[in-house]
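Trainee: So you can see what is in the structure, the chains are spelled out below.
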Amino acid sequence: MTDNLNGKGLALIPRAETKQSLKDFKSDQEVRWCPGCGDYAILAAVQSFLPELGLKRENIVFVSGIGCSSRFPYYLNTYGMHSIHGRAPAIATGLAASRPDLSVWVITGDGDALSIGGNHLIHALRRNVNLNILLFNNRIYGLTKGQYSPTSEIGKITKSTPMGSLDKPFNPVSLALGAEASFVARTIDSDRKHLQSVLRQAAEHRGASLVEIYQNCNIFNDGAFDTLKDPSTRDEITIRLEHGQPIVFGTGDNERAVRLSPTGGVEVVRRAEVADSEILVHDAHNPDPSVAFALSRLDEPAFEHVPIGVFRSVDRPSYDQLMNEQVQTATADKGPGDLAELLHGGDTWTIR
Amino acid sequence: MTKQVQQLDRVIIRFAGDSGDGMQLTGDRFTAETAQFGNDLSTLPNFPAEIRAPAGTLPGVSSFQLHFADHDILTPGDAPNVLVAMNPAALKANLADLPRGADIIANTDEFTKRNLAKVGYDANPLEDDSLKEWRLHAVPLTSLTVRALEGFDISKKDAERAKNMFALGLLSWLYNRPTEGTIKFLETKFARKPEIAKANIAAFQAGWNYGETTESFSVSYEVKPATLPPGTYRNISGNQALAYGLIAASVQAKLPLFLGSYPITPASDILHELSKHKRFGVRTFQAEDEIAGVGAALGAAFGGSLGVTTTSGPGIALKSETIGLAVATELPLIIVDVQRAGPSTGMPTKTEQTDLLIAMFGRNGESPVPVLAAATPSDCFTMAIEAARIALKYRTPVMLLSDGYLANGSEPWRIPEISELPDISVPFATEPNGDDGTTYLPFKRDPETLARPWAVPGTPGLEHRIGGIEKADGAGNISYDPDNHDRMVRLRQAKIDGIDVPDLTVDDPDGDARVLVLGWGSTYGPIAAAVRRARAAGHKVAQAHLRHLNPLPANTGEVLRSYDKVLLPEINLGQLAMLLRARYLVDVISYNRVRGLPFKAAELAAVIQDVIESD
Ligand SMILES: Cc1ncc(C[n+]2csc(CCOP(=O)(O)OP(=O)(O)O)c2C)c(N)n1
Ligand code: SF4
Ligand SMILES: [Mg+2]
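Chains as they are written, first to last, in numbering that gives the first Met the number 0: chain X, 0 to 351; chain C, 0 to 614.
Bound-form chain X, shown alone (with noise of 0.2 angstroms):
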């Protein structure tokens, strides 16, 4: 029988005896991020929220891809391990199945995430490995300076789509919950508050767990996410999914729910037309994650309505769990394994 551990995502890491602190995760190296890139705030967050963790130190890993955001392990003081393009799914999946002790932390860009290393994320989060996956996405090719990502709308122009870009994005939160990823959240770099509660509850649950983060690159694609931070727009636009709670969002005469849909999906209503029954509850941990889907389409087409906060949380035994009991199994039926034994298995035969 499989332990259940869901919930308990820190339960095998071993606990640090003594408090920590910011300065215990900062590690020597000088951040070389453009000044004003949303990386620093989202570096800011991590550091300052794993002390509260309380993990040892020594067994917290981040492996990350190329680009930008991939630079993040040398400026924490923990194992790290910066790979290589789009691998860091792959490469973290060896090292969280063998050792279900660590917590290992995926960083990757929407491009490292949702181009070269596309097949390697969603395979680590159908299997369900023990990782935290933070997706930057800036919409942008950021370190090769600024050619159009996956997650980039249809007609950017950047300098490889002088006349604008022709592929349709990828929505990630919509791209993990087609895995059928048991974690799935979106949040932002700006909101320090939301994006730590959001890493905590990743941090907690045992799994793979996806974190979409709004980041925004000054340099090759500055303000993609004002809409979402300026005071006068943000509100109105944010939807801030909470396990339990209707979900609601505006404010004043343009407070607004969000409902089932007749066509099987999920729709805006003004709030004012619709009775207190008819609205959503968030409904995190629904095992049938198609309210989760059709919620991640609400920012279609285009950054109309966008939800942050946890869209999925759901119990489903870990791949490294899983990997080690067939160990335990294995080794309780037989017993340990005997080299001489397995080479000597088999036909065989003596001359003297």
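No lab work stands behind these hints, which were simulated from the structure alone.
Since this is a predicted model, take the numbers as computed values, not measurements.
A hint or two may mislead.
As a list, the in silico DSSO-like pairs of lysine-lysine whose alpha-carbon atoms are at most 30 angstroms apart [unchecked claim]: (1) 7(X) / 167(X); (2) 443(C) / 22(X); (3) 167(X) / 155(X); (4) 443(C) / 253(C); (5) 55(X) / 253(C); (6) 183(C) / 333(X); (7) 155(C) / 192(C); (8) 333(X) / 112(C); (9) 167(X) / 228(X); (10) 25(X) / 443(C); (11) 192(X) / 158(X); (12) 392(C) / 253(C); (13) 156(C) / 131(C); (14) 333(X) / 192(C); (15) 443(C) / 55(X); (16) 144(X) / 158(X); (17) 275(C) / 333(X); (18) 2(C) / 183(C); (19) 55(X) / 131(C); (20) 333(X) / 188(C).
Here are a few chain X residues that face chain C, going by a calculated C-beta distance under 8 angstroms [unchecked claim]: (21) 50; (22) 52; (23) 54; (24) 57; (25) 58; (26) 60; (27) 72; (28) 91; (29) 93; (30) 99; (31) 285; (32) 333; (33) 346; (34) 348.
Glycine residues also receive a C-beta, built at the ideal position from the N, C-alpha and C atoms.
Fit chain C with the ligands to the given chain X structure using the hints.
Mentor: Chain C with the ligands alone, transformed into the frame defined by chain X:
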């Protein structure tokens, strides 16, 4: 009727039939009986890449060749003494390899008009005179089997299917093989279908009895057990030996084995085998592709496992970038390449030695990787441990080359005592290594081996970051300093160049040969057999075989230069020859054939003679 028993010193049998005829199983069983009997042996399975090519066609022919002898032998043999042909396609596909005078046992039931037409026979070769130069035994294998199984409660199809066991029984009689093993095997294999088990055993025994009573076979043969060095033996294929070698390496290194792999012929059997041995703490991960396979293995290595990935040529192409990352991060990793015919998909079930250069150089940047190659099926065991030893001691990815011929071929193997296996364990770093006593320098090297320390997550105080970006010598922080890069490039190269590798040994009985035949990898058997022939014909010839290709043994240049001529047969267009010429300026003579098949001993013996006699 008692029949005459004739003594032979060696026999080569080829079982050939349709893919669905069970020829690999028949061959395997005959091999097991032969091993049990104590002959030395060597096998060569040859099967189509298609799982079931259309029945009765030439592309659908599957064969299994077995060479066994009362003395030590080196190859599966050039030309069969006996061909078992289960249908016209099998006869047609194999006749050219069969010397005149050899025996042909043909299943007459399958030589129907329709089947003959399928492979372009106008007339039945069993009935016209076309096979008169061979000894033909026309046996209605199918109908004899069906008749023998009349009393059994099985379908006609199942009865017909047992014809391979009838053939096996006949051959077992013909060569006086022990039968208990096969009976036990059939009982276990069909444990859940007792009626099928009984029927197959009955077919097997009917085949034996047929041999004893029919007039078609007047003599049976005996090949005495070989006098091999004392010890306990088993028969083993290259892939199985490689898998066992990896498990042994994990035990001897005291590290859990993590295999990241993606199925590909002819390497998949290593994944299959390892996945059966979870009791050893083996974790096998069937990844989404080869890149993820090697990536996961590298991630596990970072965490302190013995990381391994297994593949064939196309997979190596995909793994290149990650192997480069392993070079840069200096983590132990084993990459097994079971070579097959290329380029691209090539001929998946056929053998080749064409990945030497991609193993050596197939990465961007200066990224040296040790390269090893197993020489025989059982040598895959030894070389897997050697690959692990080097990977762990020097903290480097290691390429281990096998090929389709070694992977599927088999030979008797003297099972080593566990005490004979090397201890390859290495300590993890546990303490800071900086001069101040508190910092950890991930790239501070061991002055002897130049290996960097291996500190695994979970070790307090040694938190550090590694990655693909160039690192400062010692401290391991990102560095774009030109001189540091030059130093690191040279250090990485020096580390690999300095790996302790045993000297190349030369076999030259009289010590005065002027011609050396050099080989690497799976050509060992055919070359050694050819050298024997040349010596038997009165020629003086020396032989040496490389199992370490990077770095090469320190005395390689000296050995090469001490002969007038160096002959280097390779199943490629001269990949090792190119390396040796560049490195030692020795004008080696290449002999190259790239047919997807191993060399034949006779072919190489003729080449050796040519080289000795030409001036
Ligand atoms: C195999 C390979 N191909 C291409 C690149 C070049 N490259 C580096 S980062 C990058 C895109 C990064 O975009 P993203 O993942 O969105 O990260 P960001 O820089 O925006 O944080 C590319 C194409 C590379 N490093 N490796
Ligand atoms: S290019 Fe953009 S993403 Fe990269 S560091 Fe600069 S601002 Fe940040
Ligand atoms: Mg980006």
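Trainee: Going back to the hint list, which numbers does this structure go against?
Mentor: 1, 8, 11, 13, 19, 21, 22, 23, 30 and 31
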